[in-house]
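If you're matching them up, the sequences are chains A and B in order.
Mapping of the first sequence onto full-length UniProt numbering: position 67 corresponds to residue 67, and the numbering continues sequentially without gaps.
Mapping of the second sequence onto full-length UniProt numbering: position 236 corresponds to residue 236, and the numbering continues sequentially without gaps.
Hints were generated in silico from the structure; no laboratory data involved.
A few of these clues could be false.
[As the list claims (entries may be wrong)] 27 Å max Cα-Cα, derived DSS-like pairs, lysine-lysine:
no.: 1; chain 1: B; residue 1: Lys-97; chain 2: A; residue 2: Lys-153
no.: 2; chain 1: B; residue 1: Lys-97; chain 2: A; residue 2: Lys-159
no.: 3; chain 1: A; residue 1: Lys-68; chain 2: B; residue 2: Lys-108
no.: 4; chain 1: B; residue 1: Lys-108; chain 2: A; residue 2: Lys-159
no.: 5; chain 1: A; residue 1: Lys-42; chain 2: A; residue 2: Lys-59
no.: 6; chain 1: A; residue 1: Lys-6; chain 2: B; residue 2: Lys-148
no.: 7; chain 1: A; residue 1: Lys-153; chain 2: A; residue 2: Lys-68
no.: 8; chain 1: A; residue 1: Lys-223; chain 2: A; residue 2: Lys-159
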Amino acid sequence: MAVIDKPENAPEHCPGPSTEQAGKASACEGCPNQKICATAPKGPDPALQFIKERMNSVKHKILVLSGKGGVGKSTFTAQLGFAFASEESVQVGVMDIDVCGPSIPKIMGLDGEQVHQSLSGWSPVYVQDNLGVMSIGFMLSDPDEAVIWRGPKKNGIIKQFLKDVDWGDLDFMLVDTPPGTSDEHLSIAQYLKESEIDGAIIITTPQEGESIIFAPTTGGAKKMAEDLNVKYLGSIPLDPRIGKACDMGISFLDEYPDSPACKAYLDIISEIKKQFTD
Amino acid sequence: MSDSISTQLENIKHIILVLSGKGGVGKSSISTQLSLCLAKKGHKVGILDIDLTGPSIPRMFGLENRQVHQASSGWVPVFTDESQNLCCMSIGFLLQKKDDSVVWRGPKKNAMIKQFLSDVCWGELDYLIIDTPPGTSDEHISVVEYLKDANPDGAILVTTPQAVALADVRKELNFCKKVNLPILGVIENMSGFICPHCEECTNLFSTGGGEAMANEFGVEFLGRVPIDPSLTLIVENQDSSPDKDLIKKYSASNLFKVLSNITDKIIEKVSLKDT
């Protein structure tokens, strides 16, 4: 290891908290963290190796992110999953890492389903043969049960989703995330570092954009994408039928193929597909 | 440490948390509007924004470029008006650039919340409104834990009418029960859209779900708030607008009437504590 990861406020000759010398070097004398460094397990997390092996059979991993809540991450993830899986030969997995507020089971019509255990791990719940889903929602005995967990426990379940779920061979794995930039996001990026993430899709609403209901103001998502030099994939109009389709757990795209919102979804999805086939 | 929390909060009469399991249902918008209503009714109000990775409160009040000052008694919250009746604290005021992202794990977030409670000199307040991030995780567990001695009045739950949002808010209700936080009531936000041209109300995300849920759980339903583009306009155009008095501008809007009713119900509810 050429670069040693050490904290900003570490003593000058800190050997790095994850090295063999951690807590034992002479520089560690008097460091308030000495005891923790000396006793913590050394080396990379052994789970990373298992995750890597599992993820070898997943061709593309895509994260769906947004800093803000309620902008439609889960809705988009589900519709993207349905759209990819409309080709029978394409194997799709959807992983919901919103531990405190899992919406994927409801949106994909899997309310009340349970995860089954097999020899090769937890089996995802299947919407159809080529569309498997994993969410903490499948593990609650009561759907109203609150998952009151701090970071480390949330990270534990995310690790398990990656390591213990028998995803099988997948063409696409879509990861739906909670709002924000905290434990879940850091962990998924860290756990998938070895097996590489293809990229992230960022969802936003037009509070700074052009729309009739969420009023028009300064510039919007397109401008933000230009400013930050990322690709703008497109915009999806608000259609009350999208919300209804989500509440009923059916594919909006199959249900209302002629609607403008459906066309917008399909344009964005084909744009994403194009990035993976080029 | 908890002593310093009690000291800073001892002159605050009522502490109310605004919660929701789901993101984007309008927690910050409702927190802002409640504060404006309370201030308009002559109360001294503070807002604490503990959504550390997605603070919205500075933007809501048009205070994006403001900084927190340090005084001998602690951090001075940012005041929104000259009469000094409404002040805010948010991590947004501590960032160098507004686009800086705060990528923190739990323990760091908890420490920040503790600092907000123990180091901000709120002074005398009638109401402290605490705006939270979505979910039932670190921030929520911590704030409830740290506030234990300060005896908060309770929580207001915000939801939108769709089943997907309600499912998450039901979880939040159970969270409140588990941590013994009283529930002051449920507000159904985005309940219909009032067209600015014809004033007809369209139920974009259906309606009535919040009330049904409140009844089911035996908690008070405080009211429905429609989507009104004029609020977004007031909020987003603060920089360019010559009139900086947000309380005045808001109290002229249609939403003020709706929220004013809800605020009265809340005032009545928490005043029981005084007697």
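Hint check, failures only: Numbers 1, 2, 5, 6 and 8, in rising order.
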